[in-house]
Every structure is written in C-alpha cells, then in structure tokens.
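Full structure from sequences and hints, please.
Residue numbers (the working numbering), protein chains in the order written: chain H, 1 to 466; chain C, 1 to 466.
For the record, the hints were derived by calculation from the structure and aren't laboratory data.
Keep in mind that the hints are not guaranteed to be accurate.
No copy is singled out in the list; a pair is fine if it fits within one copy or between any two copies.
Listed below are the simulated EDC-like cross-link pairs for lysine to aspartate or glutamate, each with C-alpha atoms no more than 20 Å apart in a straight line [to be verified]: (1) Lys301 - Glu290; (2) Lys218 - Glu241; (3) Lys367 - Glu395; (4) Lys218 - Asp168; (5) Lys301 - Glu291; (6) Lys447 - Glu70.
Predicted model, so just to flag it, every value in this text is computed and none were measured.
One letter stands for each residue in the lines below.
Protein chains: 2
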Amino acid sequence: MITESAFTKVDAGIIAQLTEILGQANVSTTQADIDLHSRDQSQHPAHASEVVVWPQTGEQVAQILRLANEHHIPVTPWGVGTSLEGNPIPVYGGILLTFERMTNIVQVHADDFQVTVQPGIGHKDLNAQLARQGLFFAPDPGANATVGGMLANNAAGIRTVKYGASKDNVLQMQVALADGRLIRVGSRSIKQSAGYDLLHLFVGSEGTLGIITEATLKLVPIAPYMSAALAAFDSVEDAVEAVVAVRGSGLDPAALELIDAAHAAMLREAEGVNLTDHVTLFMEFHSAHEESLDMGLEMVKEICEELGAVSFRSTTDPTERRQLWHARHASYEIMVRSHPDTGFFINDVAVPISAYPELIGYVEELKAEHGVTAYMIGHAGDGNIHVEFPYANEEEYKRSQMFNKLIVMKALSLNGTATGEHGVGIGKAPYMVNEHGPALDVMRSIKQLLDPNGILNPGKIFPPAQ
Amino acid sequence: MITESAFTKVDAGIIAQLTEILGQANVSTTQADIDLHSRDQSQHPAHASEVVVWPQTGEQVAQILRLANEHHIPVTPWGVGTSLEGNPIPVYGGILLTFERMTNIVQVHADDFQVTVQPGIGHKDLNAQLARQGLFFAPDPGANATVGGMLANNAAGIRTVKYGASKDNVLQMQVALADGRLIRVGSRSIKQSAGYDLLHLFVGSEGTLGIITEATLKLVPIAPYMSAALAAFDSVEDAVEAVVAVRGSGLDPAALELIDAAHAAMLREAEGVNLTDHVTLFMEFHSAHEESLDMGLEMVKEICEELGAVSFRSTTDPTERRQLWHARHASYEIMVRSHPDTGFFINDVAVPISAYPELIGYVEELKAEHGVTAYMIGHAGDGNIHVEFPYANEEEYKRSQMFNKLIVMKALSLNGTATGEHGVGIGKAPYMVNEHGPALDVMRSIKQLLDPNGILNPGKIFPPAQ
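Here is the structure:
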C-alpha cells in the first residue's frame, strides 16, 4: 500500500507554482504555520506538513490538486482542527490545504430553507448569521467545526435524533477531484432520483476521494418553543426502555442524551451540579406552539416514571432549560477541569439502541475488572456513546487504547459501528475490515479509481498494509 | 457504448445452469411469463426478456449474476412493475430477475424502529404487518411498489416532506455485485461515519451497479393523532408563499400537496368532489397529543388566510380527514376514469420551492400557447411536480414528449432535477449530461468499475451513445 517513498517532496519548484496559483500571502513554509496545522484535538501524534496553503476559490483548490497529482505530492485538507480521530493530520507530509480563507456565505436561499457556503465557515458562525432569518443548520458536534470538516467526517452531535447527521443536511456540493476536475454533485432540489448519489459518496470520505469546495446546506426553522427534561434511573436498562418509549410516543425529541452514574457523580463532585449518582437522561423538545410543550412534558413524565425513573425534572422556561442542560453541555469542560494534567482518550461507537444496555454493561465490566476510571456520555437517541478514558502517563494511554479496541469490537459484534460520528481518520482504520468485510474492497477500488496516485489525505480510512 | 451485439443470447446451456441454481419451478421461458415482465406502468414500449427467473435467496441472486457476467448476458431486476420511467424493462433481453418470491419480512427490530426485509415485499403489505407494532415505513409512492424497487429508484411520495425519501429510510442492505460478490453496505446503527457511503451509492442506482437482495429499513411510530387541511388560492404564487410559511412555522407538515386549478376543475367535474377552480393545497399534520392538532390548524388557517387563501377547510376527525384528502389520493384514478381510451404521459421534475411558481407558470404558458390539456399535481413541500398529459394518438404522444423535454430543461435551468422520484430509467437518460455535467463522467467510471461487462440493467440511466 502507501509508503512514504511513493510520494515526492515539496521543493522550491512546487512552492513557486503554488505561489503562482495562490499568491505569496497564501503559501507558507514557516514552522509556526506548519505546527499550527500538525494535529487535531485527538490523542494522535502531530505530524508536520511541508507547506501550508490557503486557497480562496474552488478553482484554486482544483489547480493545487492537479499540480500535486502530477508530482505525486500528498494533499491533506484542513478545516479548523477540531476533529477527534486524527482526520486532518498530514501523516505523509506534503501540502496542508486549509480552508481558513474560504469562510464566506455565498448565498442564503431563505424561502428554500437553504444556504450555500464556502467550506471553511464554522457552523456556529454560520448559525449566528442565519439566526436573523429564523433558520439554522442543525448538526452540532459541539466544537465550532467548519462545515467542510463536518461534511467530510459526517459529523453529527446532540440533535441528530430529530434533525439527522451532516449527511442528512446537505443538498449539493462542489468537489475538486485529484486530477483537477471540479464537479458539482447533488441538487438544490430537495428530491432527486437522477443517477448515482455521488453527493453521499463524498460526504464522510474524509477528503480521500475529493475535496469539498462549496456546499449547499439544508436549513430548518428555529423552533419557536422548546422544553427540557431530565430523568434519573437506577439502571441503563430502565433508561433505554424510556428512550425507546419516548421515541415511540411520536413526541419526536430534538435531543435524547445519556450520561452514566460515574459521569453524573463526577460532574456533581467537581462543580456541584444538581445530579445524583444515577444514569441520567437529558431531553429536549421543540414545538411550534407553547401550549403543547406542557402536554408533551406530561407524557414524558408519565413514561419515565412508569419505567422506573427515580427523579424527573422539566421546564419550558428558557433560562431554566439552559440550567437543566448545563451539566450536559459543559460535561467535557468540567471533566477536563477536574482532571488537571490529564489527557482524554475519547471513544466513539454506536449500536442499535436495543444493544445499548449490553454495550454499556460491557464497559462497566471492563472498568470493574481493571479498576479504571472512565465516563460514559452518549447520544442515546441514536445508540451512539463516547467512553472517555483519562490518562496521565504512557501506561494509562496504552490501556485506554486496549479498552478502545475491546469496545469497538463489542460494538461491531452488536451490529454497530466503530465510529458513529468522529470518522475513521487514523484511529479507526484498523477496524474497517471487521466492519465492512468484502465491501471494504469496493471502497478501495473506488479510492483507486478516483485517486490513483493516492495523494488525497493518505493514511486515513484504509487499514495500513499488513 | 452498449449495443445488442455486446451481449450473448440465453441458450439451452444457460437455462440448464439457471435451473440448477434455482430449480425448474423458478425458471420460465413461456411467452406468458415473458410478457408479464416486459413493461412497467409507463408509456415506454414493452421489450421481451429471454428468460424469467425467481430467486429466493441473496446467494442465488449472486450466483445468477456470476453466471450472467461470465457469459455477458444482461440481467434486469424486477419488483412488481409499478415504475414510471421504464426502469425495469429488459431492453436488451437476457435474464429478467424478479423478486416475486423474495417477499419475506426477515426480522422486525421493534425497539430499534427497524425491519429487515427481502426486496420483493410490497411497502403496503409491509406496513399492514407492521401496524400491530405501531410502526410504519414512511415512503409511499402510491402504488404497492416493492421495497427493493423503491430503494433502487429512490422512490418518495406524499410524506417525504416530513419523513424523507426512500434513501432517508434505509440503514443497511445486502447487495449482489455483477461479479457474484455479495456485500453488506451501511449499518444497523442509525449513525455511522465509517468510510464511504456505499449504501447510498446503490440506492437510486436502478440496479445498474448491483442488485439489492435484502434491506434493513428505518421505521417511524404511527402518529397517534392526525389532522388535515385544504386551502384554495387564486395563484400558484400565493399557494407557494403559504407552503414556505407553513414549513417555516415549525409545524412540520407530514404532507403538503398541490393541485392546479385545471386538475381541481377536472376532479370536480368528473366525480363531483368538493373543489373549486383554484390552486389547492392539501396538508396533513401528525401529533403525539390530540389537543395540539387544533392549535396547529389555527396557525395554518391564519397563515393561509393572511396569504390570500380564498377558502380553508380543516378537520381532526379521521373520517372527515379521509374525505378531505379523497380528491388527492384518488386523483390519478379519477383522471384515468374521466379520460377513457387515453394514455397519460407523466412528467416528474423538481425544483427548489422558490422556483415553483416560475416552473408552473412556464407550464401554463405552454398549455395556453399550444391549446393542450394537462393537469398538474405536486408534492409542493418538496418542490416536486408531475405534469400529466393525456394522449389519444401518436401525434399527441409526440407532443407530450416534446413538452416533457421542455419542462425538464426548464426545471434544470431553475437549479432543479430531471426526476424528483421516478428515477432516470429510459426516459430521463437523455438529460443526464445537462443535469450532471462532468459529474456524469464520474458516474460512468463507477459503472465501468463495478460492472465492466455492462450486464446490469443495460440501457438505463446513461444517455445512449451519440
């Protein structure tokens, strides 16, 4: 497979040609710029690129790819570096192509509930601008990830249970191919049955098949009224029964999150948040009319209490809602603050919801057996969970890696996936054979077809050669 | 490109091998069986296959493909023949592979809101069986299309505005490839960011890249309470403003359909349904609690009246709801009954909703200019419209073809698509260059990669050679 020797080093001639395409101000080989784009927010080690470039148009991206392809130079696309699986680390050096200067909103199509953007815009920045039209782009991975990065990794987050993942909220993209072609995939029509769905082939491909240079996103109206509820349970089984019942009720929750008892205890002990040592569900509901919120909460309360909730709180007041959700929204920051000088190995797997109790039970067993600390936080509505392992030294890091592997294999055995929303990147590549079986060969042949020289984000998605 | 001479005829040796794979009872060369599988419900001419086969397992489908691929024999998959663009017509003869004996529900995963089925099951039959669990598979193209056919064509229908098209309601599939490999794509996990989205590459590919042999579908809870509303407007512009406002209200309509004034008049004159000569919107809303329906309808009434509705009716009563929707649900049958000895050329295009008035205005102009009859019926919530041209002779048929072409080109000029939900099949292939530009070359190369001998449903999707 790919080896370092398959690629050519960036030399003065290449720099000159990049400068011709982009102008001097958009090409840098300074150590500071290289370092700033050498690692994401994951535990994966940094790697230096040879040159950082800032294109400003799709045509420039295509020109860079044509040049890199001719000379067999790796190109790694970069959003803002918030990814969690090493997805944008330039592990083979070469050109680091960052979208930090392609952050424009190209056009808001308000009546169509659509917006066309350049890929470098942060989704929070986008939503701040869309708010005045009463619209928003629903996927929310937490950090202010760029739209391009979210699409490339098929990022999801808290409100996916109602509004879907990134892949469900994009209609059309412009994509630059390895050979310098610039194509348009998908349609601004919500419905399209016109040939192969190339749009979704590029979404989630992590820049290994082509690089997204523009995207038209689906928007949803900001709900006029929202409510929140918080329910605590003695066991994961009870909590999951409530998740299934709430989803089955037709109430269409906008968020349905779970933290385990260990996480709840840690949050309370660290910052005094109002939680008990129980598996806790956080819920949010959106409505077009205020009155229906109370009826909905009454139904949710009945469901939770019938299924054994030991406590239930809810509110329709916006300020109280934010307080109720504070522990969930700030959970990562509180965890990090309460474990100084500690790294976190963040696992990301997902299973059909009926397998959630078995998956979580398995993690509980691992924790007990090895006497380790770990916190669980999950998008229970989607069957997605993150196990967060603090590590303070190499030994603990290696142990986290081992647990990560065991949890991934367990999720796969339960008809789940090695990654629900963080993407494959570097860390999940070893599991792709287990997850896809012979379908991985089809993925490989498509990669070979569209990127025969392997220049696009090499070292990602596919397992290293044996 | 593909010509008849590229393929081998089915001979006695092939029949013997097919019989060995499937058993005598599942292989037929009788004229009756050939004829029964020679055309769909479209206006496209019939074409005879050379042999009809009824596999019963995915492995058998894979074996048939391996055999056909070795011998360069076309294979055309067949659901139940309800498609509208010639999608399953075996235009190059060869093997007609029908799923009429693969109609099992493999497993209901009720807590996961999922069901695994064989592809030959009709979606109405499936939903009849799922009803006792309070769940349903949402896409509804009208006819009792098979799940496999719906996925292969990415069929949609009336409730797509809320629940999405077929592509949005499938999680995992088993697919037989041209070379006889049997792969599994997607995941039973709702969320998956693990490599390339092969699932959506096969969905909508109309059996030209692989043949779906099993599918796990996403289900939704049957809404406990439903309401309906009907609003009439003087102009398409007013009606579309109401569509945008209703969608923007957060009321999340489950259906948002439009018929034009000519269609409303025809329905009234033919069967006395209670409609006036106006552009009419049909709406449906789903809710978890009965009380919120009235509040929702009050909001919808205000929106429609503010935007110029000349009449508004609504109900929360199930019987009245069916009466209110009768004109829409039975519109096709009423149209056919009221035009005896007449064929219908059914056009299917979709545009961003803001372009809907311009598209419909264009059709009105065409009708006026040429003095022809045509009816418009659309999934307005999605910007999808069908223009239905009655034709009684060859001249009228040719004229319908010409109008179809003009309407498709107009939709494309408005950032729309040549087909919102009927698929490309035979009829829309000539427009794929216009719709996709250079992306069509990528589609072609993927077709070449996965089906180098071109045996899978040849003559579909790609435009004939110039």
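Checking lysine 447 and glutamate 70: alpha-carbon separation at most 20 Å within a copy, between copies, both or neither? within (17 Å within a copy, 26 Å between copies)
Homomeric proximity label, lysine 218 with glutamate 241: Cα distance no greater than 20 Å: So lysine 218 and glutamate 241 pass the 20 Å test across copies only (19 Å; inside, 32 Å).
Is it within a copy, between copies, both, or neither that the alpha carbon of lysine 367 lies no farther than 20 Å from that of glutamate 395? within (16 Å within a copy, 77 Å between copies)
20 Å Cα threshold - placement of glutamate 290 relative to lysine 301: This pair counts as both: shortest intra-copy Cα distance 18 Å, inter-copy 17 Å.
Between lysine 218 and aspartate 168, at a C-alpha cutoff of 20 Å, which is it: within one copy, between copies, both, or neither? both (8 Å within a copy, 14 Å between copies)
Up to 20 Å CA-CA - glutamate 291 versus lysine 301, copy category: The answer is both: 16 Å in one copy and 18 Å across copies each meet 20 Å.
In summary, the structure agrees with every hint in the numbered list given earlier.
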